[in-house]
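J.: Residue numbers (our numbering), protein chains in the order written: chain P, 1 to 344; chain S, 345 to 667; chain R, 668 to 1242.
Any given hint could be a false lead.
Which bits of chain P does chain S cover? Going by a derived footprint, with three or more residues having C-beta under 8 Å, they are [stated by the list, open to error]:
no., segment
1, 95 to 101
2, 114 to 120
3, 243 to 257
Facing chain R, from chain S, some residues (calculated, C-beta under 10 Å) [what the hints assert, rightly or not]:
no., residue
4, R383
5, L396
6, E397
7, G401
8, G423
9, Y424
10, Y428
11, V430
12, L444
13, I448
14, T449
15, D474
16, I508
17, I512
18, G616
19, R619
Each computed DSS-like pair below joins lysine-lysine, with the alpha-carbon atoms no more than 27 Å apart [to be verified]:
no., chain 1, residue 1, chain 2, residue 2
20, P, K147, S, K580
21, S, K575, P, K135
22, S, K575, P, K93
23, P, K93, S, K524
No wet-lab data here; the hints were simulated from the structure. Positions of the beta carbon are idealized from the N, C-alpha and C atoms, including for glycine.
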Amino acid sequence: MEKKPILSVRNLSTHFAMAEGTVKAVQDVSFDLSSDDVLGIVGETGSGKSVCVKTIAGLIDPPGYIANGEILLYTDEFAKDGKKEYVDLAKLKYESFSRIRGKHIGMIFQDPMTSLNPIFTIADQMIETIVHHEKVSEGEARERAIKLLEQVGIPKPSERIDDYPFQLSGGQRQRVVIAIALSCNPEILVADEPSTALDVTVQAQILELMKELQKQFSSSTIFITHDLAVIAEMATKISVMYGGYQMEIASVDDIFEVPMHPYTHALLACIPRLDIKQSELLPIPGQPPVMMNPPRLCPFLPRCTRSVEKCQQVLPDLEQITEEHFVRCNNPVPQKVQVVKEEV
Amino acid sequence: MLRYIARRLILAIPVLFGISILAFMIISLAPGDFIDNFRMNPSISREKIESLEREFGFDKPVIVQYFLWLGQVLRGNFGYSFSYHVPVFSLIWGRLGATLLLSITALIFSWGIAIPLGIYSALHQYSFSDQAFSFIAFIGISIPNFFFALLWLFMAARTGWFPIGGIISLDFHELSFFGKIGDYLWHVVGPMVTLGTAGLAGLMRQMRGQLLDQLRQDYVLFARAKGMPEKVVIYKHALRNAINPIVTFFGFALSGLLGGAVLTETVFNWPGMGRLVIDALQQQDLFLVMASLLLSSLLLIVGNLSADLLLAWVDPRIRYRFG
Amino acid sequence: MKKLLLVMLVALVAVAAMAQVEPEYRIDPYEGKPGGTLFLGSIGTGPRTFNPFVAQETSSTDITDLMHQSMFNSDNTGMPTIPALATEWWFSEDGRTVYFRVRQGLKWSDGHPFTIEDVRWTFEDLYFVNEFTRNGNATYKDAQGFLPEVEVDGNVISFTWTEPNVWSFRAIGWGQIMPKHVLDEYVQAGNPIEAWTLADWDKIVGMGPFMIESFTEGVRTVMRKNPHYWIFDEAGNRLPYLERINYEVVGSQDVLLLKFEAGEIDIMGPRAADWPRIVEQAEEKGWVYGVGGPGLGSDFITFNLGHPDPVKRSWFRNVHFRRAIQYMMDKESIIDTLFNGLGTAIYGPVSPSSGFFNPEILEAFPYRYSITRARLELRRGGFDWDAQGRLIDSDGNRVEFDLSTNAGNITRETIAAILVDGAAKLGMKINYAPADFNLLVGKLLTPDYDAILIGLTGSVDPGSGWNVWRIDGGLHSFNYPPEYNPDVIDPDIYEAFDWEKRIHEIFVRSVGEVDEQARWDLFAEFQMIVAEYQPYVYTITQNYLYVHKDSVHLANPHPNPAAGTLWQIHGIWKD
């Protein structure tokens, strides 16, 4: 039996109606997420990757709105007969979302320093989540919280749980955030640049922890980053976003081995690699695209070195190349080994 | 915590001392003195003026006057009012009740309205009602107190709904206990609304701004992401944080309880301290001014301290800093 | 001698009747109805003390005046002609002694008998002691600085000075008699100034028509009729008619007016600015309103005749210069601006409302507003104009000086502004800057000023101005002698003018002038001199305005600044 994807995003577009015009933050994004999948969404600041996951979690407030598309979550949360079915989160009422978030979709944000409410204890913030979703007593929730803290590697969890966020270090706070996100065993964990704001060493620890937990909790994960290198080891799939569009989506191997989009190439060129010789790191020339009322053309066009005549006329569709490899380009890089591996 | 409070109170003593020197010098060195009105009285002789100067101690150097006064104060004697011939604190106590009744009700009035409206406005940012509240509040802030008071009294005189100033009715002494309380409240409405509306707009905007600011914080997003219902997100997470600066504000409001209502008091015939002190200042009734200044300074210190304590109570970060 | 015999005879009869003295009540010709409460407003913060010899401001004296009585009362022109606690008074042949025959058989408000000893004690033991009253005892001294000898003979008390002393006689006649049985303990302790503070409102005893029934500080004073009052009407009712008077503290004139319109206040003195509003509503609301005469006080400009700067001094000492200032003042427009036309131009130190006013000054010195006359006076004074039309003195100095008044007094600030305007038309430059009252008083009394616009409380009797007009007076601020302040006034600069000396002499002489007409003549001459030499340049005053409900029947047929709406309050009654 073919495994059904747990989350299927179809042609999702999120726009912001501003006084100056419409900001098209996310355009025509589609992907499937199966359990055990770790989807990495990669892109520069402003590429729409954060908005994309916030849309999925129903965290877009006016003036933002879903302009188009479906977000299908395979869940029994709203089923009357207990059978799992696809629910379109794009059409879900705002109030109902609190049954999805935290319970089915756990989220971790960029800055652990500000993700926790400064004036409530860790216990308070963990317990309220567990009690809300799992309908258990506070005492039971507390026990679970302590256990979770232990799992995320907080020492002496039964004491630290009564601490306030400001009494913890940055790394510890992010561990707490992760613990909260995982507290209700969500099917999907969304991590929005979870390590960016941390020290390099702590960053590594957190990533290690996430990898471990991902296996342990076997939840599928969406991992957002602007740094391909960060998720190279973790992700099973990578979606490269630029100017609100998905440029390329493929398995992690394909992205690294046979990238087809010129932008993916440019991104790869930015990663310092130890396994190949690089004369220099190549910055991508040009400026990130303007999101306000963009023309219906490839957003990477102004910076693209491979643009052709056609690029000036039409926006390319997301074309399927192989079963799991999609690319949006009029003039993709031919599928051949681009970078010859050399023995180091 | 008790040690902290004790330390703060001990630190207040040199502050009060400094304030008293400064105030005494400023009042004494300002041109003229209490006897000026006597000097301008055609029927009082120069000899009498000189004997008054001796009586009030104005013939001595200011610094000597100050230490004579301070010596008395340290023995608990704050001196006599020049114009009332009674100990200054008996005057101040007599008016303290009316002052507090007005300032506390005005405080409750303005806070009771401003906080909910501020929250509502923040949650309905840019909506019609948000704009309408702001508009009304700014009208309140831009009408001068005395004018608002006169408008109110005019309304009261026309409709008879409220008394034309004053603090008690003519038949006050015949009223029952609850009747008396009701009579006070009936009289306090006008000055309360006058004073309250003046502070309303600022407080409302403050509350609105603070809450909007907090609603944009990451922890609010995270609380939502945890699946917390909107009520919990707003009233537990955002509001508790937004209240912190407002609490500091409240401490300052406490310290302003004794002053700042002179015009309102005057128009409403409210027998409060503001009028007493302004009159005393104009007449240079030195000891009365000094006593009220010291009392206000003390209240300012206590107000600041209580603001800090309140803040510590609502904000664990401050609490832990105290150790 | 005959008179003395008669006095002794009467005294003998009195002593004989002492066993059962028939109370010497006064009978007044009022026909009112007893009962009711009169509602009055007191602007400000209310009384500060109930001690009549400490009280300075009207908010206190309005109340204390109701509780006490004096030897004589004023008639409704302000003249002391009506017998009160004394049935009659007269001078000795040599004028050095004044006698008062004191009423017998009366009682204090607490029922304690009132005797001539109370009168003797009030003056000799209380008012004559400089430290015991706020105003001091100077007013009871004769020109030699002596207090009178006091003697009691039966029901007659006499005061004898070393020389005739009319001014002190009046002061004694106006002096409120205090109860010895209540206040003697304070006098013995040497601190009568501390008696009868606000806290003692229920301990006050007096001979006046009303006593305090209840007092709430800063709110109101309720007064109740004195059950032992000693004036009756012809129908045999013990006065006052009113059962109570309710004095409500009112913060401002605006609120007083609102309260009056709402019927909460019975009588008020409105501002000129509110007058049209009063008149408009009067018929519909049944109000009685009227305009008395011009007020007793007036604002005036004083120039520093002893200015250290010889140039300015020469201007200020120049009588033509001061007259020019009087001419250039457009008083009518000031009155229209400030008082809705309900004011009067004032040209001298005595108000036209006073019985001492000398109307001849208006004919002798008709200072009507005229820039032409002002220019003429300046030219006479040796002033001229330069090519730009600027006023210069005979030495070619540009005429420019400072003028100040107390900031916040709208009347004075308006007058000053119009003055500056008028001066500009004459090419004269006035640098006007208002100053804080205390600062202004300091400058005036140093003296350290060019010109100041200020006012003094006025009264009917010009004799009250002795402190201003006598050269040795504390308020002789236009030309202090060097002895006043040797640090500031250079004897080489100082000059006493003949007219100034004459005024001084008038004031000294008037004190000893027992004959009323002769005394009147002296003050008439005084007014003439002031009109001619303009030591103070007088400006304007508001007319006395009043309005009351028609249910209130005043005792005063023509309320005026000398005797207001509350004159003879025991005769006021309500429907």
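J.: Taking the hints in turn, state whether each one holds.
T.: Hints, verified against the model:
By the rule of at least three residues with a Cβ nearer than 8 Å to a Cβ of chain S, the coverage given for the segment 95 to 101 of chain P holds, with 6 such residues. With 7 residues bearing a CB less than 8 Å from a CB of chain S, the segment 114 to 120 of chain P meets the requirement of three and the coverage assertion stands. Coverage of the segment 243 to 257 of chain P by chain S is violated [criterion: at least 3 residues with CB-CB distance below 8 Å; count 0]. Proximity of R383 of chain S to chain R holds as hinted, the smallest CB-CB distance being about 6 Å (cut-off 10 Å).
With its C-beta approaching chain R no nearer than about 8 Å, L396 of chain S sits inside the 10 Å limit, and its interface hint holds. With 10 Å as the threshold, the beta carbon of E397 of chain S stays out of range of chain R, its nearest partner Cβ sitting at about 12 Å, so the hint is violated. The criterion of a C-beta within 10 Å of any C-beta in chain R is not met by G401 of chain S, whose closest approach is roughly 15 Å, and the hint is violated. Hint on G423 of chain S is violated. Least Cβ distance to chain R is approximately 13 Å, over the 10 Å limit.
With 10 Å as the threshold, the beta carbon of Y424 of chain S comes within range of chain R, its nearest partner Cβ sitting at about 8 Å, so the hint holds. For Y428 of chain S, the shortest C-beta to C-beta distance to chain R is roughly 5 Å, which falls under 10 Å, so the interface hint holds. At about 5 Å, the closest approach between the beta carbon of V430 of chain S and any beta carbon in chain R falls short of 10 Å, and the interface hint on this residue holds. With its C-beta approaching chain R no nearer than about 14 Å, L444 of chain S sits outside the 10 Å limit, and its interface hint is violated.
Restraint check, I448 of chain S versus chain R: the minimum CB separation of about 18 Å is more than 10 Å; hint violated. Annotation: interface hint on T449 of chain S violated; nearest CB of chain R at approximately 18 Å, more than 10 Å. For D474 of chain S, the interface hint is violated, since its Cβ never comes within 10 Å of a Cβ in chain R; the closest pair sits about 36 Å apart. Taking 10 Å as the C-beta cut-off, the interface hint given for I508 of chain S holds, the closest approach to chain R being about 5 Å.
At a threshold of 10 Å, the smallest CB-CB gap from I512 of chain S to chain R is about 6 Å, leaving the interface hint in force. Because the closest C-beta pair between G616 of chain S and chain R is about 8 Å apart, less than 10 Å, the hint holds. Taking 10 Å as the C-beta contact cut-off toward chain R, the hint placing R619 of chain S at the interface holds, the least distance being around 5 Å. A C-alpha spacing of about 25 Å is found between K147 of chain P and K580 of chain S, which places the hinted pair at or below 27 Å, so the restraint holds.
Note on K575 of chain S and K135 of chain P: the hinted pairing holds, with a Cα-Cα distance of about 18 Å set against a maximum of 27 Å. Our distance criterion of 27 Å between C-alpha atoms is met by K575 of chain S and K93 of chain P, whose separation comes to about 16 Å. Proposed proximity of K93 of chain P and K524 of chain S is contradicted: the alpha carbons are some 55 Å apart, above 27 Å.
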